[in-house]
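Chain by chain, the residues:
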Amino acid sequence: MSTRFAKGLGDRSKRPVIEGSAVVTRRIRFYGKKRGHRHTGSERFGVVGEAIFFTVLLAVGIAGLIAMTVNYIVPEWRANRYFRPTECTVLGTEVKVIADRDSGSASDKIWYQPLVYIEYEVDGERYRAKTYDAVGRGYKSREKAERLIEPFQPGDTFACWYDPFDYRRAVLVKGYSWWVYLFFTLPTAFVLIGTVGLIWTAISSGTSLERRAAIVKRATGVDWLEPDDLIQRDAFPAVPRHEEIVNSPGTALAYRLPIGTQPGWKLFFLGLVTLFWNVLVLVGLFIAVRGNITGTRDWLLTALVVPFLLFGIFLVFVFFRQLLVTSGIGMTRVEISDHPLLPGKTYELLISQEGKLIIHSLVARLVCEETATYRQGTDTRTESLRVWDQEVYRAEHIEIQPDRGFQEQTQMRLPEGAMHSLATEHNSVQWMLLVRGDLEHWPDFERRFPIIVHPPTSPPEASG
Amino acid sequence: MKEPRVTLRLLSDSRTYVPGDLLLAEYRFDLPQPHNLKAIESSVLWYTEGKGEEDLGVHFFERKLPEELHELDWPRCLQFETALPRSPLSYDGVIVRVHWCARVRVFLSRGRQLIAEQPFKLGNVPPAILVMHDGQAADTEAADLGSAKE
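Protein chains in written order, with this note's numbering: chain A, 1160 to 1623; chain B, 888 to 1037.
If you are wondering where the hints come from, they were derived from the structure by calculation, not from laboratory data.
Please read all numbers here as calculations on a predicted model, not as lab measurements.
A hint or two may mislead.
The list that follows gives simulated cross-link-like pairs (lysine-lysine, DSSO-like), each with its CA atoms no further than 27 Å apart [claimed, not checked]: (1) A/Lys1376 to A/Lys1333; (2) A/Lys1376 to A/Lys1255; (3) B/Lys889 to B/Lys925; (4) A/Lys1303 to A/Lys1289; (5) A/Lys1299 to A/Lys1333; (6) A/Lys1376 to B/Lys925; (7) A/Lys1376 to B/Lys889; (8) A/Lys1376 to A/Lys1425; (9) A/Lys1425 to A/Lys1333; (10) A/Lys1376 to B/Lys951; (11) A/Lys1504 to B/Lys1008; (12) A/Lys1255 to A/Lys1289.
Put together the whole structure using the sequences plus the hints.
What follows is the structure in structure tokens.
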């Protein structure tokens, strides 16, 4: 029995509480990437930190929204909806230079605002204004600002619109700036992230890990579209579904196992990568060769292009090799007498290979792999490790004719006490049959056929 | 001053259960200042451990509030029970491990918590060994990787 205060790690503790052990928080690493989604400090500080972070995001978002609304949306909307039309006479033009002190580099500091001096009459009184559009927009290019005011020559008459609440304000150009609405997405995103983050922090700070998991389980427990899926999930939690494996009947045995990765897709993606890489290399090569011809030689580019080109040639080789394997080597078929599998049980297997081939050896292996996914810094990594690898079938020196494929039946026994298939968010235990062919004149091939192992109906006695 | 404490025990002779077994647990908590109690959560859960991120699944969860406990005398003793599921079984793999435990959390005022936990095994899956070739463990690799494990 154990009792302790959950200070420090508390709710977010990743390790089980061990009786008699001290609660030790990990030291923060100042070098390298932090492995895993682990917490290194006090939960309370973590919650406060999160709350501050999301509050700042929310505040920045709200401030941005207010600033954009007040400075751009409202003035344009008022000018378009409520300003009244009149006529004005142009007195002169000007491009105003605005220095933006908040910008980073020197070139970013200068903006050019087009301005037109106008005179207009409202209710018998004459008013003068220096204006252009409703928001007083500035431009990075002086030429553009000058182009905008070019039509407004002194003495000419133009239409303008004045503010009915302040006759001294008027505009020469109406309309909406679409880019303002585009920029609206940024503060809106800040507001959304800040709000959701604050709600999540508030919910999770007072809620245990188990309670959150129970809430998620309840929330995801109802699946009206696939009731069968729900039944299986309830019957075998954390065991992957097996329906997709048993939906194809075999010719000699009960089920035909689907292949893990379709060779066609593998070839397609390999082709895309090869094409993308080599197009980039060819562009680099073209620039390097042109530089050499025109005398503007770039040694660094030339040096970099060579290894990239070699890798591109290697990719082409791998692609054509895969093309040969996919198109030239016939289909491999595996059928099984029952599915899902149970530890300690024996199953009939049918191994079938098509194509015009001379096979040195055709081997089927029963394999179990553990797979773990973890975060290292900002990377997500997956590691797989084989914990069971057993040859269940071997045939040697086979010559297959195209009109008559090779097929043979054998038996396979799943080891007693084998772990069942497991699929959780970041961890899995996967069972599969691997069929590997060593061929004459062709590259070797290996094809995977996933299988699902269920927990035993009556567990074996404890070993050792 | 007497410290608040919670104890938890599984009412079974064995720490190994088979799927479908009834897990019966008893917890007892003693609080010098009972008004500090905010809630009690009892749960039966599995979690993964190893190289990957931790995954967790709750099989049984119960939350009790102080008003539901007022009729009990101090120290208070409560039980919970649940029929264990068919999976996931406890597993001691090389980079993936699955553990089961019963856990009680007592929430006190000012954000303090007491936790009591009892691990147990579900099923009898033997430990995995790195790469078996026809029943033979690759000892050298296993030793190398075993030392590299966290």
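Going through the hints against the structure:
The suggested pairing of A/Lys1376 with A/Lys1333 is violated, with an alpha-carbon distance near 55 Å, which exceeds 27 Å. Restraint check for A/Lys1376 and A/Lys1255: not satisfied, since their Cα atoms lie roughly 62 Å apart, outside the 27 Å limit. With a C-alpha separation of about 19 Å, the suggested pairing of B/Lys889 with B/Lys925 holds against the 27 Å cut-off. At most 27 Å may separate the alpha-carbon atoms for a hinted pair to count; A/Lys1303 and A/Lys1289 meet this at roughly 18 Å.
For the proposed pair A/Lys1299 and A/Lys1333, the alpha carbon gap of about 21 Å is at most 27 Å, so the pair holds. For the given pair, A/Lys1376 sits about 24 Å from B/Lys925 by alpha-carbon distance, which is consistent with the 27 Å threshold. Simply put, A/Lys1376 and B/Lys889 have alpha-carbon atoms about 38 Å apart, too far for the 27 Å limit, and the pair is violated. For a cut-off of 27 Å, the pair hint linking A/Lys1376 to A/Lys1425 is broken: about 35 Å separates their Cα positions.
A hinted pair counts as satisfied when its Cα atoms are at most 27 Å apart, and A/Lys1425 with A/Lys1333 does not qualify at roughly 56 Å. With a CA separation close to 19 Å, the supplied pair A/Lys1376 and B/Lys951 stays within the 27 Å bound. Annotation: proposed proximity of A/Lys1504 to B/Lys1008 holds, straight-line Cα distance about 23 Å (limit 27 Å). This hinted pair checks out: A/Lys1255 and A/Lys1289 have alpha carbons roughly 11 Å apart, not beyond 27 Å.
Checked against the numbered hints given earlier, the structure breaks hints 1, 2, 7, 8, 9 and satisfies all the rest.
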